[in-house]
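Work out the full structure: start from the sequences and follow the hints.
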Amino acid sequence: MTILLQQLVLGVLIGGLYGLAAAGLSLIFGVMKVLNVAHGELIMLGGYGAFWLFALGGVDPFLALVLVIPAALVGGAILYWGLFGWVVRYHEETRVKNSLLIGFGLGLALHALAVQLWTADERSVTTAYGGNVLSVAGISIPVVRLLSLVVAFALIGGLHLLLARWRWGRAIRATADDWEAALMTGIDVRRAYLLAFALGTGLAGAAGTLVSVGYSVSPSIGLEWTLKALIVVVLAGLGSMLGTFVGGLVLGVAEACSAMAFGGPYREVVGLVIFFIVLVARPQGIFAK
Amino acid sequence: MLHVDRVEASYGPFLALAGATLEVGRGEIVALLGPNGAGKTTLIRCVAGLLRPRAGEIRWDGASLGGVAAHQIVERGIAVVPEGRRLFTTMTIEEHLELGAFAPHAHADKAARRDEVYTVFPVLRERRRQLVRALSGGQQQMVAIGRALMAAPRLLILDEPSLGLAPRVVDAILGVLGDINRRGVSILLVEQNVHAALALAHRGYILESGRVVGSGTGAGLMDDPHVKRAYLGPLA
Chain A
1 MTILLQQLVL GVLIGGLYGL AAAGLSLIFG VMKVLNVAHG ELIMLGGYGA FWLFALGGVD
61 PFLALVLVIP AALVGGAILY WGLFGWVVRY HEETRVKNSL LIGFGLGLAL HALAVQLWTA
121 DERSVTTAYG GNVLSVAGIS IPVVRLLSLV VAFALIGGLH LLLARWRWGR AIRATADDWE
181 AALMTGIDVR RAYLLAFALG TGLAGAAGTL VSVGYSVSPS IGLEWTLKAL IVVVLAGLGS
241 MLGTFVGGLV LGVAEACSAM AFGGPYREVV GLVIFFIVLV ARPQGIFAK
Chain B
1 MLHVDRVEAS YGPFLALAGA TLEVGRGEIV ALLGPNGAGK TTLIRCVAGL LRPRAGEIRW
61 DGASLGGVAA HQIVERGIAV VPEGRRLFTT MTIEEHLELG AFAPHAHADK AARRDEVYTV
121 FPVLRERRRQ LVRALSGGQQ QMVAIGRALM AAPRLLILDE PSLGLAPRVV DAILGVLGDI
181 NRRGVSILLV EQNVHAALAL AHRGYILESG RVVGSGTGAG LMDDPHVKRA YLGPLA
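So the protein lines, in turn, are chains A and B. Counting from 1, position 70 in the first sequence corresponds to residue 70 in the working numbering; the numbering is continuous, with no gaps. Counting from 1, position 215 in the second sequence corresponds to residue 215 in the working numbering; the numbering is continuous, with no gaps.
If you are wondering where the hints come from, they were derived from the structure by calculation, not from laboratory data. Even for Gly, the Cβ is constructed at its ideal location relative to N, Cα and C. Do not take every clue at face value.
Part of the chain B face toward chain A, derived, beta carbon under 10 Å [what the hints assert, rightly or not]: (1) Val74; (2) Leu87; (3) Phe88; (4) Ala103; (5) Ala106.
Over the 10 Å line for every Cβ pair with chain A, so calculated as not near, a few chain B residues [unchecked claim]: (6) Arg6; (7) Gly27; (8) Ala111; (9) Arg113; (10) Tyr118; (11) Leu165; (12) Gly178; (13) Val227.
Spelled out as structure tokens, the structure:
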């Protein structure tokens, strides 16, 4: 029983990061109808950002968010201007295809660049408090992972508020819903795209930072994180950031359960099985209205 | 105010507008009539900047709208109530009106304009916190018109505002258009309900196969034999 609970807790802890990773992808896809399969590589870069800030500057990784997120926002804006902004000139069906090509190319390039710059070694941020563990009723909770979950939830909540209250947040939602109607309402849809892409990339940077603390980064983690994010997006459906976060938790717990039941190697399989089942049974996502 | 001058537009190889010419003057209500597929919606999309004409020119206050982005056309004072309303499904009435005033020029006195919209459509004030999908078709049309009015337009373009609505609701909505016009907003109205549209409009145009084939005053068009035969039917 304790072992099961322990696994469930670890599942929830990683699930929060899945949710955060997926929120950025979901926002970009929902608004621009562009699938950025290099999202995982952006998470990887965020992780390296936090790692080097810690290794070279001694910056606490949770404090590093204050630097990594703005840097990722700017990076996202540059990627939009240079690459993805060209795709949105096309019809929605062609956008996805073109964005897949661009995303795969960008992902490969970033992966290769990371190997060149930082070697293929796994790195992680090991703070002085990194080994601290909370013990509750025989279950141990790694403090940094718990903090990561809280931060991930706070960021998702912040994004939710931004989309609900901010003038441009509403414009982003309107654009996601019906971009032509948004244009006729006087919204500069291209700017809404830019903002959504930058925000999504900012979230990727934040997710990467948290990954580097509780887990580890290497140049090759990108694809895995893209895949997790994609599964969560399919699971949760588009349109609700809080739903995406819950979807992340569900995936984390499901992985933990299957690792318990079938052994560690099957951990990755369960996500794909969920992916398949949801696509067949409820393609609009579990939480989509 | 608005001059549409020999505009041609196409979707791929299909020519939807074959040199349409019309104008809307200050303070006017102009009806644009014609059968399905005549190019009425295409013409509106061209004016709104959603579709680039292949030839011809659209002028607003004497300046060409060629190359002006759709959201900037709203800033210049043209607001469109699109066919099928095109509301934002996840938003409340209040949020629609808020977004309607998105353009910088409409931002300043939006509270006063929101009150005006609520005065014209009191039911929207009552239900302002509700999602628009919970509303009836007529109420949704009111939201669409309210959203457009929030942009402080000098020209309001409506594409089939009565489509799918009960006759009583249609009367109410068309009646409101008269009020809006008396407050100084020019109106270009595309309507299937030819009788009601011509009764309301100062002038009208008949669009067929992408061309304007007839025009005149509202009363004049209502007596026109071609209009009578083709649009008003034997009962009119």
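Structure-based check of each hint:
1. A cut of 10 Å between beta carbons decides the hint on Val74(B): the least distance to chain A is about 3 Å, and the hint holds.
2. For the restraint placing Leu87(B) at the interface with chain A, the shortest Cβ-Cβ distance is roughly 7 Å, inside the 10 Å limit, so the hint holds.
3. Restraint check, Phe88(B) versus chain A: the minimum CB separation of about 4 Å is within 10 Å; hint holds.
4. Of the supplied interface hints, the one on Ala103(B) holds, with its beta-carbon coming within about 4 Å of a beta-carbon of chain A, less than 10 Å.
5. Here the hint on Ala106(B) is kept, as its CB sits about 7 Å from the closest CB of chain A, short of 10 Å.
6. Chain A leaves Arg6(B) outside its interface by the beta-carbon criterion, the shortest separation being 24 Å against a cut-off of 10 Å.
7. With a closest Cβ-Cβ approach of about 23 Å to chain A, Gly27(B) is found to remain outside the 10 Å limit, as its non-interface label requires.
8. Non-interface call for Ala111(B) relative to chain A: holds, since the shortest CB-CB distance, roughly 15 Å, exceeds 10 Å.
9. Even its closest Cβ contact with chain A, about 13 Å, leaves Arg113(B) beyond 10 Å, as expected for a residue assigned away from the interface.
10. For Tyr118(B), the shortest C-beta to C-beta distance to chain A comes to about 19 Å, beyond the 10 Å cut-off, and the non-interface label holds.
11. With a cut of 10 Å on Cβ distances, Leu165(B) stays outside the contact zone with chain A, its closest approach being about 19 Å.
12. Even its closest Cβ contact with chain A, about 23 Å, leaves Gly178(B) beyond 10 Å, as expected for a residue assigned away from the interface.
13. Remark: the non-interface label on Val227(B) is consistent with the geometry, its nearest Cβ contact in chain A lying 30 Å away (cut-off 10 Å).
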